[in-house]
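K.L.:
The chain contents come next:
Number of protein chains: 2
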Amino acid sequence: MLYRYKIIIEYDGTPFLGFQKQKGSHLLTIQGSIEEALLRCVNQPIKIEGAGRTDSGVHALGQVIHFDLPNYWDSFKLSQAIQFHLKNMHNGNIFIRIINVQQVNSEFHARFSAISRSYIYKIINNRYPPALDRNRAWHVIKPLNMNHMEEGANHLIGTHDFTSFRDSECQAKTPIRMLHFFNFNQNEDIITVHISAKSFLHHQVRIMMGTLVAVGKGDITPNDVLSILNKKNRCIAGVTAPPQGLYFKEVVYN
Amino acid sequence: MLYRYKIIIEYDGTPFLGFQKQKGSHLLTIQGSIEEALLRCVNQPIKIEGAGRTDSGVHALGQVIHFDLPNYWDSFKLSQAIQFHLKNMHNGNIFIRIINVQQVNSEFHARFSAISRSYIYKIINNRYPPALDRNRAWHVIKPLNMNHMEEGANHLIGTHDFTSFRDSECQAKTPIRMLHFFNFNQNEDIITVHISAKSFLHHQVRIMMGTLVAVGKGDITPNDVLSILNKKNRCIAGVTAPPQGLYFKEVVYN
Numbered sequence: 007m008l009y010r011y012k013i014i015i016e017y018d019g020t021p022f023l024g025f026q027k028q029k030g031s032h033l034l035t036i037q038g039s040i041e042e043a044l045l046r047c048v049n050q051p052i053k054i055e056g057a058g059r060t061d062s063g064v065h066a067l068g069q070v071i072h073f074d075l076p077n078y079w080d081s082f083k084l085s086q087a088i089q090f091h092l093k094n095m096h097n098g099n100i101f102i103r104i105i106n107v108q109q110v111n112s113e114f115h116a117r118f119s120a121i122s123r124s125y126i127y128k129i130i131n132n133r134y135p136p137a138l139d140r141n142r143a144w145h146v147i148k149p150l151n152m153n154h155m156e157e158g159a160n161h162l163i164g165t166h167d168f169t170s171f172r173d174s175e176c177q178a179k180t181p182i183r184m185l186h187f188f189n190f191n192q193n194e195d196i197i198t199v200h201i202s203a204k205s206f207l208h209h210q211v212r213i214m215m216g217t218l219v220a221v222g223k224g225d226i227t228p229n230d231v232l233s234i235l236n237k238k239n240r241c242i243a244g245v246t247a248p249p250q251g252l253y254f255k256e257v258v259y260n
Numbered sequence: 007m008l009y010r011y012k013i014i015i016e017y018d019g020t021p022f023l024g025f026q027k028q029k030g031s032h033l034l035t036i037q038g039s040i041e042e043a044l045l046r047c048v049n050q051p052i053k054i055e056g057a058g059r060t061d062s063g064v065h066a067l068g069q070v071i072h073f074d075l076p077n078y079w080d081s082f083k084l085s086q087a088i089q090f091h092l093k094n095m096h097n098g099n100i101f102i103r104i105i106n107v108q109q110v111n112s113e114f115h116a117r118f119s120a121i122s123r124s125y126i127y128k129i130i131n132n133r134y135p136p137a138l139d140r141n142r143a144w145h146v147i148k149p150l151n152m153n154h155m156e157e158g159a160n161h162l163i164g165t166h167d168f169t170s171f172r173d174s175e176c177q178a179k180t181p182i183r184m185l186h187f188f189n190f191n192q193n194e195d196i197i198t199v200h201i202s203a204k205s206f207l208h209h210q211v212r213i214m215m216g217t218l219v220a221v222g223k224g225d226i227t228p229n230d231v232l233s234i235l236n237k238k239n240r241c242i243a244g245v246t247a248p249p250q251g252l253y254f255k256e257v258v259y260n
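Keeping their order, the protein sequence lines are chains A and B.
Residues in the first sequence are numbered from 7 upward in steps of one, following the numbering used here.
Residues in the second sequence are numbered from 7 upward in steps of one, following the numbering used here.
Calculated from the structure, these hints are not laboratory results.
Some hints could be false.
Which copy? The list can't say, so a pair holds if one copy fits it or any two copies do.
Unchecked claim - Below are the BS3-like pairs computed for lysine-lysine, each with C-alpha atoms no more than 30 Å apart in a straight line:
| id | residue 1 | residue 2 |
| --- | --- | --- |
| 1 | Lys-83 | Lys-223 |
| 2 | Lys-128 | Lys-83 |
| 3 | Lys-93 | Lys-223 |
| 4 | Lys-83 | Lys-148 |
| 5 | Lys-255 | Lys-238 |
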């Protein structure tokens, strides 16, 4: 019998080459680090599954993973043990934080059981680059028109073919996705955008944000977002916004 | 004739050995970095004065400095030049951010003209150490009672002899200080405390926070803060809270 565990984690994406383990390499990844920590806990290789594969430099506030252990572990003890090994492996730094550990039934799957995912994108809109948010936000110098960005974003809400907002290497079977909402928030020079969908295409959030920032700068109009969507062509959308502004916020399950 | 400039800066205190330049050493300091950047701008040594001397690891959201230049510089050009050199000196990293540059009259003094200063102290109150706030907050595991902390803090508001809350190396002539307010705010596991005074003694904010956290944990009562204050003895107050939770927020001038 196997015991399945669901874990919620926060991480600083800066030192990592993304979530996914790189085959046969020693590059620092989230998956690689947690699998190594689990190996040190139970003395045998354990494979984990994540709700989403974040890119290099992308952070997480509430990434969810699951895995199976051959023996029962008390949740709190397990969380302490994993956190202990992660800290040791990373020279005493907390790059990955265990937020919650829960034993779940074997039908739970971090990726396939999810009914919605949300991301936060953070922009510092100021002449000067941020110090405290150095690896935590996209620095945009030109003043952004938030109303225009919201107007542009409204065209993306709902079910659409998001071919224009999908990386050329995206392997999803269909480009159709359903976007629940965009929430814009501005506090002095900090703009945060909260985005929710059932699931996202590869680089979708970052390409949408690159396009909406082009709207905010006045390079394109809010209505251009609709025509970009309709043309189903990645080349006409905006740049892929940098990873350090992106936070994998939350995964919702039934 | 000399031209005086006032500059507001933000910094990540993590890589620095504090604000104050260390004599004859090559340790990284805020003052040392800015003076070096100014030397590169104007080709002669310039001495700066800061509104407050933050400790090693302490951050700033709005530290204020002033200095005199032998020639007139356009404020925007000067800010760009300083930021350029700071970034170069720090291997492309933005550890110090110029927020604002303003030419001021020669009576302005960053330290002596200040009528009030405020700090923010940030605590992560959670079983698990933070990842994204790794060098940005004090991690306190034991659940804190915010009401008790506020009750304890109320005893400190107003004009008092703060001998109990002053580092043994403090060189201020008098231990009397006037505290304007404490504002407590809690958002999930993040506690932020906003503290304002005309000026502070050495380590005063950190010793007050160490003491209030002892109240929050239940190690001492809110009323004990009053007796600690009255006893004028550093040894009976709480620990000095760690520097990474402290942010020099703002300086107010007439």
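K.L.:
Which hint numbers does the structure go against, in order from smallest to largest?
P.N.:
No numbers; nothing is violated.
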